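A.B. asks: Chain by chain, the residues:
There are 2 protein chains.
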Amino acid sequence: MILGIDIGGTSAKFGIVSHEGEISHSKRFKTEGWITKGGFINNLADEIGNYLKQFPAITGIGIGWPGLLSGDRKKVVLLPNIPSVKDELIVPLLNSRFPGIVFKIENDAKCAALGEYYFGGHKGFDNYILVTLGTGVGSGVVMKGKLFIGVRGNGTEIGHILTHTGKTLEEQVGLKNLVAYAKELLAKDVSYKSSLHTVEDLDPKSIQEEAEKGDEIALEVYKYAGRFLGETMVGVIRTLDLNKILIGGGISPAIELIKPEMLAKLKKHLPAYYTDELEIKQATLSNDAGLLGAAALILEK
Amino acid sequence: MILGIDIGGTSAKFGIVSHEGEISHSKRFKTEGWITKGGFINNLADEIGNYLKQFPAITGIGIGWPGLLSGDRKKVVLLPNIPSVKDELIVPLLNSRFPGIVFKIENDAKCAALGEYYFGGHKGFDNYILVTLGTGVGSGVVMKGKLFIGVRGNGTEIGHILTHTGKTLEEQVGLKNLVAYAKELLAKDVSYKSSLHTVEDLDPKSIQEEAEKGDEIALEVYKYAGRFLGETMVGVIRTLDLNKILIGGGISPAIELIKPEMLAKLKKHLPAYYTDELEIKQATLSNDAGLLGAAALILEK
Chain A
51 MILGIDIGGT SAKFGIVSHE GEISHSKRFK TEGWITKGGF INNLADEIGN
101 YLKQFPAITG IGIGWPGLLS GDRKKVVLLP NIPSVKDELI VPLLNSRFPG
151 IVFKIENDAK CAALGEYYFG GHKGFDNYIL VTLGTGVGSG VVMKGKLFIG
201 VRGNGTEIGH ILTHTGKTLE EQVGLKNLVA YAKELLAKDV SYKSSLHTVE
251 DLDPKSIQEE AEKGDEIALE VYKYAGRFLG ETMVGVIRTL DLNKILIGGG
301 ISPAIELIKP EMLAKLKKHL PAYYTDELEI KQATLSNDAG LLGAAALILE
351 K
Chain B
51 MILGIDIGGT SAKFGIVSHE GEISHSKRFK TEGWITKGGF INNLADEIGN
101 YLKQFPAITG IGIGWPGLLS GDRKKVVLLP NIPSVKDELI VPLLNSRFPG
151 IVFKIENDAK CAALGEYYFG GHKGFDNYIL VTLGTGVGSG VVMKGKLFIG
201 VRGNGTEIGH ILTHTGKTLE EQVGLKNLVA YAKELLAKDV SYKSSLHTVE
251 DLDPKSIQEE AEKGDEIALE VYKYAGRFLG ETMVGVIRTL DLNKILIGGG
301 ISPAIELIKP EMLAKLKKHL PAYYTDELEI KQATLSNDAG LLGAAALILE
351 K
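Residue numbers (the working numbering), protein chains in the order written: chain A, 51 to 351; chain B, 51 to 351.
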């Protein structure tokens, strides 16, 4: 039995994951208090202990972290949301407290990519990049069925690649930035053509709804996202030579509306060799990708 | 005994390469006529035959090509300078003509990177990118002592990554473009401060000479190169997480003058994790890198 744990900025989600990718007994813990009361790792270990008591069949536990990890995958080396955990020897500490249990840790976006490989709906995808478009832009690469993590362990961080504006991809197409761009366009839309003017609290969901109805400004926002994604992917494809792109995260249901501009940029700047069999698809795991991927760490050989 | 062959746009250089990386019996063939007279591969095979007759101890032959190769490394799939060779089954053809000889083919910039690993002066460098700055900008990555070629075989083509101007790195810092930029700056230098005004045929060498004497405009050209290299490397490092960069090619003796701006951009856009132990050094093999690297293909396991 495998326990998957997805650590976020303010909470940790636990769940028992079957070999078929079904999640049961999932539970979300608020983690703000963990740092002050005994330290984050101790609190995490306490909750792990509770799960192990309740499910003695657990043999492996995978944990995804929203930060950079050491090459030997024993600790995190950069964790902006929970700085106190930096450099704590997470895996050795958990190993000594729970002998006999296999612990694996990994970056959360890389977990999500691995989760798609083990539990996703795109069968036959052995080589791809998963780009998760949310508040942040995370990504992970699966190469020949295994995570590709680069030389030192923290590669495939494509959200932090510079775009033509001098800002990173994440600073351009993170959900907040897309909403901000929509507001910018609306301020210029003096003839009030867009129905987004009538939306009280503009959010990614309302942009998507209006885009699907053909709203010009909502579509312009997606064209903008497609441009940045496409131009950044030119560099990623030139570097990794992969031709399968999965898009996950909050914006991913809109992928068909983002794709045309993304493809246009890719075809403009890449020879046919790279684009002839290029596929861009929506990821299949949605919100549980991180948790499932953390569990998949235990399945990886 | 190993024969290395470095195919260029208009010539092919042959050379016997010892296990210590010494080149002997090297010979350069003009290849313009090869296409019309019997085809490129036939002419190449004829010259290979001549070498084999003269040196019967040759057991392996590595050939570097200035283009993209098939994933199975049997043929080239994109070769702008010699389009007729595209899709010809180079390795099977040579195998059937010369049974018992091992043939390996690879992209020329990747060869150069591998050559540095086997024959270069940077001992202990097992993970690095070699960027060759010449008319074109080529690159190759060595990861754990082996070539990293990406999923489908044609990754690490960083010269073709888009920069903030919308042009590729090669279109910005290829030698011709640097000379063009110098001319642009000189046209604006109305007070004739730069001694480059007195150079009759401005070329990369004269820019380097004047930069070393402190000429402001020559140094400005290198600052410009450093900016583009640094900003592009931000993305490459975020993707591959390597921290050793070798610079080769015609401009590489000037690397110490290019480095400050390159480092400034890297440190501006990357967390300390990526830059703390970052090294940028001049490659050691100069003009023979391609030939030596082609030979090194035979040494690679």
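Hints were generated in silico from the structure; no laboratory data involved. Treat the hints with care, as some may be off.
A pair holds if it fits inside one copy or across any two, identical chains being indistinguishable in the list.
For lysine-lysine, the following BS3-like pairs were computed, each having C-alpha atoms within a straight-line distance of at most 30 Å [said to hold, decoys possible]:
(1) Lys63 <-> Lys331
(2) Lys238 <-> Lys194
(3) Lys217 <-> Lys318
(4) Lys124 <-> Lys309
Just so it is clear, the structure is predicted and the values come from calculations on it, not from any experiment.
A.B. asks: All the hints need checking, so say for each whether the structure fits it.
C.D. replies: Tested hints:
no., hint, verdict
1, Lys63 <-> Lys331, "within (26 Å within a copy, 45 Å between copies)"
2, Lys238 <-> Lys194, "neither (48 Å within a copy, 53 Å between copies)"
3, Lys217 <-> Lys318, "both (22 Å within a copy, 12 Å between copies)"
4, Lys124 <-> Lys309, "neither (38 Å within a copy, 34 Å between copies)"
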